[in-house]
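Model the full structure from these sequences, guided by the hints.
Numbering of the sequence shown is given in the UniProt record's numbering, commencing with residue 1 and proceeding in unit increments.
For the record, the hints were derived by calculation from the structure and aren't laboratory data. Among the hints, erroneous ones may be present.
As the list claims (entries may be wrong) - Here are the computed distance ranges between Cβ atoms for each label pair:
| # | residue 1 | residue 2 | range |
| --- | --- | --- | --- |
| 1 | Leu-172 | Leu-141 | 16 to 24 Å |
| 2 | Arg-3 | Val-69 | 38 to 46 Å |
| 3 | Arg-30 | Glu-63 | 45 to 53 Å |
| 4 | Asn-2 | Glu-40 | 18 to 26 Å |
| 5 | Leu-172 | Ala-144 | 20 to 28 Å |
All values reported here derive from a predicted model rather than from experimental measurement. A virtual CB, placed ideally from N, CA and C, is assigned to each residue, including glycine.
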Amino acid sequence: MNRHLLPDEIDLLLDGEAGFGVAPLKAHVRQCPECAAEVEAARFVVAELEALPHLAPSPLFAERVMAQVQVFEPWHVALLDTLRRFVPQSRPARVLAGAGAVSVASVLTVALLWLGARLDVLTMLGGTALERAQGAARGILGDAVASALGDPAVGLLGSGTGVALIATTFILAVIIAAAGLRRVAAAGRNRQ
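Below is the structure:
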């Protein structure tokens, strides 16, 4: 053998294993003083470990350790545990709760099917709600503009050309601000 023994090979010799690969290891130990010293040092450590008293932990040791360990609980397990707390323990109560759940599910299903069949009603209700929300938003925006800029600005905002004028002014202000910031940054780099 052209190399020294590896730790797992030393363990094979210490365990007293008998097998195909042990004979060459024993022959190497007889020829190599370094490996023989390693095996003897390992035998000494094993003997000292065996001489130590064998202690057993207290009966509640595992419970105290596990009480401090945070165990990962998958979401589906936590959900099932939560749902089980709401399920009644007695059979008659479970039957009653199941019948109530089936009743509620049936009523909701029928209501959704009816609404699905009346899609035109849903569209009308949605359109009405959207119009009311837009009207409320216009009123709030108009009040804010009137208090900040005056009543003529509200009239300008209400016309189509006023909205285009405001949008154009906003876009120009953003472009001018970006160009100004770019010049300030360039001037700062030039000073360095």
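message = Name the hints, by number, that the structure is in violation of.
response = none
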